[in-house]
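Residues 88 to 259, numbered by our numbering, are exactly what the sequence shown covers, in order.
Take the hints with a grain of salt, since some may be wrong.
As the list claims (entries may be wrong) - Straight line, CA to CA, 30 angstroms or less: simulated BS3-like cross-link-like pairs of lysine-lysine:
1) K202 - K234
2) K215 - K95
3) K204 - K238
4) K204 - K179
5) K222 - K234
6) K179 - K121
By construction, these hints were calculated from the structure, which means they are not laboratory data.
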Amino acid sequence: MLCYILLKQDTKLWIVFYEFLRNNLNNLKFGSRKFHPPADEGNAIISFVNTLLYSVIYSELYNTELDTSIGFLHEPCSRKPSLVLDIADIFKPLISSSILLKCDSLLSESDFEKKQKGIYLSHEGRKKVIELFQKKMEKVVFCKKLKKEVKIRTAIRAECLRLRDWIEFIQY
Numbered sequence: 088m089l090c091y092i093l094l095k096q097d098t099k100l101w102i103v104f105y106e107f108l109r110n111n112l113n114n115l116k117f118g119s120r121k122f123h124p125p126a127d128e129g130n131a132i133i134s135f136v137n138t139l140l141y142s143v144i145y146s147e148l149y150n151t152e153l154d155t156s157i158g159f160l161h162e163p164c165s166r167k168p169s170l171v172l173d174i175a176d177i178f179k180p181l182i183s184s185s186i187l188l189k190c191d192s193l194l195s196e197s198d199f200e201k202k203q204k205g206i207y208l209s210h211e212g213r214k215k216v217i218e219l220f221q222k223k224m225e226k227v228v229f230c231k232k233l234k235k236e237v238k239i240r241t242a243i244r245a246e247c248l249r250l251r252d253w254i255e256f257i258q259y
């Protein structure tokens, strides 16, 4: 029941956050969040960046030997491991949204293509977004766990290790 309440509040916060993003975009179209398939340029960027983020988190979780299919908030599903989704929710506002805002002035219509009832990044568009993502992973932020400034990729690793340490600390 608590997880349901938390996810409901999480959904409400994302709605407000996406409204903020929508109001701060000048060039890109971004309606409500739709990702299967992405309905517009904003959704295409967020979906692609989230996929890159899931890959990084999955890799870091794999190194902790945690079972990625067992999450705390998200239910197990066949598309994405639930623990990856749980960790990603911590970092999406920092990564996906800031890249979307940068793309507003960087990408043009030619960086997108319409196919299968959706809007997707073109090959050139993906290259530009991957470059932004890689730069973002190298950006330095303050990590509370480590009590120092680290690259975002290291902060993701630290979060995964913190979760593993917390689970190992629990006495059975």
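Each hint tested on the structure:
1. K202 - K234: Cα-Cα ~46 angstroms, so violated.
2. K215 - K95: Roughly 34 angstroms between the alpha carbons, so the hint for K215 and K95 is violated.
3. K204 - K238: violated, 37 angstroms
4. K204 - K179: Roughly 25 angstroms separates the two Cα atoms, so the pair holds.
5. K222 - K234: holds, 22 angstroms
6. K179 - K121: holds, 16 angstroms
In terms of the numbered hints stated before, the structure departs from hints 1, 2, 3, listed from lowest to highest.
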